[in-house]
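Those sequence lines, one after another, are chains P and B.
Going by this note's numbering, the letters in the first sequence line up with residues 1 to 232, in that order.
Going by this note's numbering, the letters in the second sequence line up with residues 1001 to 1108, in that order.
Calculated directly from the structure, the hints in this document are not laboratory data.
Being a predicted model, the structure only gives us computed values, none of them experimental.
Take these hints with a grain of salt, some might be off.
[What the hints assert, rightly or not] If you only want the chain P side, here are some residues facing chain B, beta carbon under 7 Å, derived:
1. Arg58
2. Ala101
3. Arg104
4. Arg106
5. Leu108
[What the hints assert, rightly or not] The calculated DSS-like cross-link candidates involving lysine-lysine, where the alpha carbons are at most 25 Å apart (straight line), are:
6. B:Lys1037 to P:Lys158
7. P:Lys73 to P:Lys2
8. B:Lys1088 to P:Lys74
9. P:Lys73 to B:Lys1088
10. B:Lys1029 to B:Lys1088
[Claimed, not checked] A few chain B residues that don't get close to chain P, going by computed Cβ distances all over 10 Å:
11. Met1028
12. Gln1049
13. Gly1059
14. Asp1062
15. Ala1072
16. Asp1074
17. Gln1081
18. Arg1083
19. Glu1087
20. Ala1108
Every residue, glycine too, gets a C-beta built ideally from N, C-alpha and C.
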Amino acid sequence: MKFGVIVFPGSNCDHDAYHVISKHVGQPVDFIWHRETDLSTYDAVIIPGGFSYGDYLRAGALARFSPVMNSVKKFAESGRFVLGICNGFQILCEAGLLPGALIRNRDLHFICDHVYVRVETSDSPFTNEIQAGSVLRIPIAHAEGNYVCDDRTLDELKQQDRIVFRYCDETGAITEAANPNGSRENIAGICNRERNVLGLMPHPERACEDLLGSSDGRDIFRSLAATLAAAV
Amino acid sequence: MAYEREILVQQTLFTQCFIQVSGTAIEMKAKVYVNLKSGVLDPQGKAIQHSVELLGFTGIADVRQGKYFEIALDENLDNQQARESVEKMAREVLSNPIIEDYRVEIEA
Chain P
1 MKFGVIVFPG SNCDHDAYHV ISKHVGQPVD FIWHRETDLS TYDAVIIPGG
51 FSYGDYLRAG ALARFSPVMN SVKKFAESGR FVLGICNGFQ ILCEAGLLPG
101 ALIRNRDLHF ICDHVYVRVE TSDSPFTNEI QAGSVLRIPI AHAEGNYVCD
151 DRTLDELKQQ DRIVFRYCDE TGAITEAANP NGSRENIAGI CNRERNVLGL
201 MPHPERACED LLGSSDGRDI FRSLAATLAA AV
Chain B
1001 MAYEREILVQ QTLFTQCFIQ VSGTAIEMKA KVYVNLKSGV LDPQGKAIQH
1051 SVELLGFTGI ADVRQGKYFE IALDENLDNQ QARESVEKMA REVLSNPIIE
1101 DYRVEIEA
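Please put together the full structure from these sequences, using the hints given.
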């Protein structure tokens, strides 16, 4: 199985993602410059966090027009796996690969903190090794992570079991106090209808080593690796 | 009631951006206003409102922050072409239709 980490001007979590795939997942991984268009050799691509194009216009809005994004769309349509983390989630929403949008945090602050998220479903290629209801401790680092969508989209996400992560407290309770940024229904991560594209605001790649405060993020990469291993 | 005396002032503050589409002589200008849809929370607008009120301004019911673009257009475009092109640009790039509305004005 081969992973790719897409690099836009302004991406800054690309090396973290690369490190996790090579060291903890133990699989081959390449950086993919945003001007490249051939993704044929990859099984999964990660759109990492950062500030692509300086977040000009709207977070993720300009990265959508990079040449690689057309290929990412086709890659996703072919059923292969796309994981968007933080700015990557914003880019996937702007590109229309995931519904909704991420706007300025409710309290305006840039939040850099460890938070708790509850895994809402095991029925995804990114969480199939995690029991639903599990609580993961994973950091967030964003100013625009406030997830919004219309009622119809929310109903659809719920009915199709596509809300994958929600902000919660340490015990797993979904409370307003545990909602760091004002996201609708505490949504921290969602997947597409076909379930092969996931976007989330928390940074699992920063939570893969105990030395860094948590290794809970590994479960997400372990799930994806298990999915790919089963598919090969 | 105090509320009835309150003057409703909806003030929109714009961040500005200028796009020059062509380097040739400029005859025509498009103005694009992008605003958050009415139901979408605008924490920046709220913070601005709070600050303005701290400065002593009264009668402010709401502040919403938006974006404003001035786009210089090639003089060879006719009004209709210019509007179509800028509307498309506003819809597909300058705004995110999930959270924002836009309005286009063409100045010949």
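Query raised in the report: Does the structure break any of the earlier hints, and which numbers would those be?
Result: none
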